[in-house]
Amino acid sequence: MDHPEAIRLMAVEKYLLNELSPELRRSFEEHLFECKECEFDVQAGYALIDGSKEVLASTAVEVPKAVVPGKPNQWLSWFRPAFAAPVMALLVAVVGYQNLVTVPGLKNEVAVAQAPQILNPVYLTAGTSRSENQVTVTAKRGRPFTLTVDIPAESRFTSYVCELQSPSGELEGSLAVSAEAAKNSVSMSMYPKHGKPGTYQLVVFGVSQDGTQKVAVERQPFELQIQD
Amino acid sequence: MQFEAFDASYLKRLKDGDIQTQNHFVAYFGELIQKKLRSRVSSAQQAADLCQETFVRVFKMVRSDSGLRHPERLGPYVVSVCNHVLMEHYRGSSREAPLGEEQEDTVPDHQSIDPLNSVMGKQTVQIVRDVLEELPERDRRVLKELFLEEREKNDICRDFGIDRDYLRVLVHRAKQAFKSQYLKGKPFDQGLRKGNGAKAAGTP
Chain B
1 MDHPEAIRLM
11 AVEKYLLNEL
21 SPELRRSFEE
31 HLFECKECEF
41 DVQAGYALID
51 GSKEVLASTA
61 VEVPKAVVPG
71 KPNQWLSWFR
81 PAFAAPVMAL
91 LVAVVGYQNL
101 VTVPGLKNEV
111 AVAQAPQILN
121 PVYLTAGTSR
131 SENQVTVTAK
141 RGRPFTLTVD
151 IPAESRFTSY
161 VCELQSPSGE
171 LEGSLAVSAE
181 AAKNSVSMSM
191 YPKHGKPGTY
201 QLVVFGVSQD
211 GTQKVAVERQ
221 PFELQIQD
Chain F
1 MQFEAFDASY
11 LKRLKDGDIQ
21 TQNHFVAYFG
31 ELIQKKLRSR
41 VSSAQQAADL
51 CQETFVRVFK
61 MVRSDSGLRH
71 PERLGPYVVS
81 VCNHVLMEHY
91 RGSSREAPLG
101 EEQEDTVPDH
111 QSIDPLNSVM
121 GKQTVQIVRD
131 VLEELPERDR
141 RVLKELFLEE
151 REKNDICRDF
161 GIDRDYLRVL
171 VHRAKQAFKS
181 QYLKGKPFDQ
191 GLRKGNGAKA
201 AGTP
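So the protein lines, in turn, are chains B and F.
My numbering applies: residue 1 is where the first sequence begins, and numbers increase by one.
My numbering applies: residue 1 is where the second sequence begins, and numbers increase by one.
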């Protein structure tokens, strides 16, 4: 082995790490007798190893947690039967409930919603804000109802927002209406989130072009009755 | 020649005077020593004498109480002793005094013959500390597992997600950094001379 070959093979490093085959070790040791540079390299390597042992032994180097064969990973412990069995039982119960109760219920609601039906829109006319003329809306529990309203269009507004407010003043739903749509009567489907009867209010806000101004232009209270 | 690992078992057999091991050792290194010496001294007899002297010193060290602590370093140690003997020959000291009388003073232990031994101790440790501090945290951990814990290299590679080439390059980089700091302001040959004793000018 000559010096270029020793360099190419990284013979010094392999020698220090005891990675040379017996034949290559012999060849490299033969080279060591002739090559001062490689001999010095080997001695420097040993000095580094000895010095590293001393430095690293006295230095608090955090050693990464090695994966010890036979010692299961913490995450994998969740798959042990003690945990897995009750978890699987719970999952089966949840999935069963969903399949037997929740999903059929949702399918039924979708089917009802998709089925052809006659709409009976309630027309909220101007002047009905007064209590004596208050409109009564009857809706089935869990079903939306339809309102129709005339929006008093004003040129300063470029769009409108219709908000359904509950008897306690909470927002139950809202619908954006363009100025163009507001030129005609607007029919909207509303769905009271809480499904409680009482005096609701449909409030129409006019929105300025830059969106900074929002002014109530119409308030239409109505009595909501819920049928089971 | 049957290859044998220079491990603790081999060293113990050598120390205990096991003939077979001793013959293997002499055959293994005798050829290398003779090859080196023949090209550097004027006669075959001189080469044979110096080879014999090298073995005498090596066996003396191996069988001493302190002994060699690192069997895997047996090869470089023999190289160092051989160089030491050759240097003495060049200086003429070996011609002026019988080899036997000089042994007590010239048998190097495996530490003192280390060319870096002159700075071993605090200075060497400080250089190594500087080198290690320059390494990324992961590389320091790898070297700790490799040198201090002396774990299996394949296990280290698996745990750190590296391969054997990475280990070699890491050792190479650390060694080069160590050499660079050690030799800073100190010519390469001077570094060798400090540890190997006074090396005569003009030594081939």
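Quick caveat, the hints were computed from the structure, so don't treat them as lab data.
Computed from a predicted structure; not experimentally measured.
Errors might be hidden in some of the hints.
So the derived label-pair ranges between C-beta atoms look like this [stated by the list, open to error]: (1) B/105 / F/161: 30 to 40 angstroms; (2) B/34 / F/5: 18 to 28 angstroms; (3) B/85 / F/69: 52 to 62 angstroms; (4) F/166 / B/3: 23 to 33 angstroms; (5) F/161 / B/82: 30 to 40 angstroms; (6) B/3 / F/126: 50 to 60 angstroms; (7) F/7 / B/3: 50 to 60 angstroms.
Heads up, simulated DSBU-like pairs for lysine-lysine below, C-alpha to C-alpha not over 35 angstroms straight-line [unchecked claim]: (8) F/35 / B/214; (9) B/214 / F/184; (10) B/214 / B/107; (11) B/36 / B/53; (12) B/183 / F/15; (13) F/60 / B/214; (14) F/153 / B/53; (15) B/183 / F/122; (16) F/153 / F/184; (17) F/12 / B/193; (18) F/184 / B/36; (19) F/35 / F/12; (20) F/60 / B/36; (21) B/183 / B/193; (22) B/107 / B/36; (23) F/15 / B/196; (24) B/183 / B/196; (25) B/14 / B/36; (26) B/193 / F/122; (27) B/14 / F/15; (28) B/107 / B/53; (29) B/14 / F/60; (30) F/15 / F/60; (31) F/153 / B/183; (32) B/53 / B/14; (33) F/12 / F/184; (34) F/12 / B/140; (35) F/12 / B/14; (36) F/153 / F/60; (37) F/15 / F/184; (38) B/53 / B/140; (39) B/107 / F/12; (40) F/153 / B/36.
We put the CB at the ideal spot given by N, CA and C, even for glycine.
Each hint, compared with the structure:
1. At roughly 50 angstroms, the beta carbons of residue 105 of chain B and residue 161 of chain F sit outside the given window of 30 to 40 angstroms.
2. Look at residue 34 of chain B against residue 5 of chain F: about 23 angstroms separates their beta carbons, and that is inside 18 to 28 angstroms.
3. For the pair residue 85 of chain B and residue 69 of chain F, the supplied restraint of 52 to 62 angstroms holds, since their beta-carbon distance comes to about 56 angstroms.
4. A hinted range of 23 to 33 angstroms holds for the C-beta pair residue 166 of chain F and residue 3 of chain B, which are about 24 angstroms apart.
5. Taking the beta carbon of each, residue 161 of chain F and residue 82 of chain B are about 32 angstroms apart, inside 30 to 40 angstroms as hinted.
6. Restraint check, residue 3 of chain B to residue 126 of chain F: a C-beta distance of roughly 31 angstroms breaks the suggested window 50 to 60 angstroms.
7. As the Cβ distance of residue 7 of chain F to residue 3 of chain B is approximately 28 angstroms, the hint placing it in 50 to 60 angstroms is violated.
8. Straight-line distance between C-alpha atoms of residue 35 of chain F and residue 214 of chain B comes to about 101 angstroms, which puts the hinted pair past the 35 angstroms bound.
9. Annotation: proposed proximity of residue 214 of chain B to residue 184 of chain F is violated, straight-line Cα distance about 77 angstroms (limit 35 angstroms).
10. A threshold of 35 angstroms between alpha carbons decides the hint, and for residue 214 of chain B with residue 107 of chain B the separation of about 39 angstroms lies outside it, so the pair is violated.
11. The straight-line distance between the Cα atoms of residue 36 of chain B and residue 53 of chain B is roughly 26 angstroms, inside the 35 angstroms bound, and the hint therefore holds.
12. With a CA separation close to 110 angstroms, the supplied pair residue 183 of chain B and residue 15 of chain F exceeds the 35 angstroms bound.
13. For the given pair, residue 60 of chain F sits about 102 angstroms from residue 214 of chain B by alpha-carbon distance, which is inconsistent with the 35 angstroms threshold.
14. As the CA atoms of residue 153 of chain F and residue 53 of chain B are separated by approximately 16 angstroms, the hinted pair is consistent with the 35 angstroms bound.
15. About 92 angstroms separates the Cα atoms of residue 183 of chain B and residue 122 of chain F, which puts this hinted pair outside 35 angstroms; it is violated.
16. Taking the CA atoms of residue 153 of chain F and residue 184 of chain F, the gap is about 32 angstroms. The hint holds against a cut of 35 angstroms.
17. Between the alpha carbons of residue 12 of chain F and residue 193 of chain B the distance comes to roughly 89 angstroms, so the proposed pair goes past 35 angstroms and is violated.
18. A hinted pair counts as satisfied when its Cα atoms are at most 35 angstroms apart, and residue 184 of chain F with residue 36 of chain B qualifies at roughly 18 angstroms.
19. Of the pairs offered as hints, the one joining residue 35 of chain F and residue 12 of chain F holds, with about 27 angstroms between alpha carbons and a cut-off of 35 angstroms not exceeded.
20. About 24 angstroms separates the Cα atoms of residue 60 of chain F and residue 36 of chain B, which keeps this hinted pair within 35 angstroms; it holds.
21. Between residue 183 of chain B and residue 193 of chain B, the direct Cα distance comes to roughly 29 angstroms. Compliance with the 35 angstroms bound is thereby established for this hinted pair.
22. Only pairs whose Cα atoms come within 35 angstroms are accepted, and residue 107 of chain B paired with residue 36 of chain B is rejected, the gap being roughly 86 angstroms.
23. For the hint pairing residue 15 of chain F with residue 196 of chain B, the CA-to-CA distance comes to about 99 angstroms; that exceeds 35 angstroms, so the pair is violated.
24. Among the hinted pairs, residue 183 of chain B with residue 196 of chain B is consistent with the structure: their alpha-carbon atoms are about 32 angstroms apart, no more than 35 angstroms.
25. At roughly 18 angstroms between alpha-carbon atoms, residue 14 of chain B and residue 36 of chain B fall within 35 angstroms of each other, so this suggested pair holds.
26. The hinted pair formed by residue 193 of chain B and residue 122 of chain F fails the criterion: a straight-line CA distance of about 78 angstroms is larger than 35 angstroms.
27. The hinted pair formed by residue 14 of chain B and residue 15 of chain F meets the criterion: a straight-line CA distance of about 27 angstroms does not exceed 35 angstroms.
28. At most 35 angstroms may separate the alpha-carbon atoms for a hinted pair to count; residue 107 of chain B and residue 53 of chain B exceed this at roughly 70 angstroms.
29. Between residue 14 of chain B and residue 60 of chain F, the direct Cα distance comes to roughly 29 angstroms. Compliance with the 35 angstroms bound is thereby established for this hinted pair.
30. In summary, the hint linking residue 15 of chain F to residue 60 of chain F is supported, as the alpha carbons are separated by about 9 angstroms, within the 35 angstroms threshold.
31. Restraint check for residue 153 of chain F and residue 183 of chain B: not satisfied, since their Cα atoms lie roughly 81 angstroms apart, outside the 35 angstroms limit.
32. For the proposed pair residue 53 of chain B and residue 14 of chain B, the alpha carbon gap of about 19 angstroms is at most 35 angstroms, so the pair holds.
33. Pair hint residue 12 of chain F plus residue 184 of chain F does not hold up; C-alpha atoms about 39 angstroms apart against a cutoff of 35 angstroms.
34. For the hint linking residue 12 of chain F to residue 140 of chain B, the alpha-carbon distance of about 97 angstroms lies beyond 35 angstroms, and the restraint is violated.
35. Restraint check for residue 12 of chain F and residue 14 of chain B: the C-alpha separation of about 24 angstroms stays at or below 35 angstroms, so the hint holds.
36. Our distance criterion of 35 angstroms between C-alpha atoms is met by residue 153 of chain F and residue 60 of chain F, whose separation comes to about 34 angstroms.
37. For the suggested pair residue 15 of chain F and residue 184 of chain F, the alpha carbons sit about 39 angstroms apart, so the restraint of at most 35 angstroms is broken.
38. As the CA atoms of residue 53 of chain B and residue 140 of chain B are separated by approximately 82 angstroms, the hinted pair breaks the 35 angstroms bound.
39. Restraint check for residue 107 of chain B and residue 12 of chain F: not satisfied, since their Cα atoms lie roughly 84 angstroms apart, outside the 35 angstroms limit.
40. At most 35 angstroms may separate the alpha-carbon atoms for a hinted pair to count; residue 153 of chain F and residue 36 of chain B meet this at roughly 28 angstroms.
Hints 1, 6, 7, 8, 9, 10, 12, 13, 15, 17, 22, 23, 26, 28, 31, 33, 34, 37, 38 and 39, counting from the list given before, are not met by this structure.
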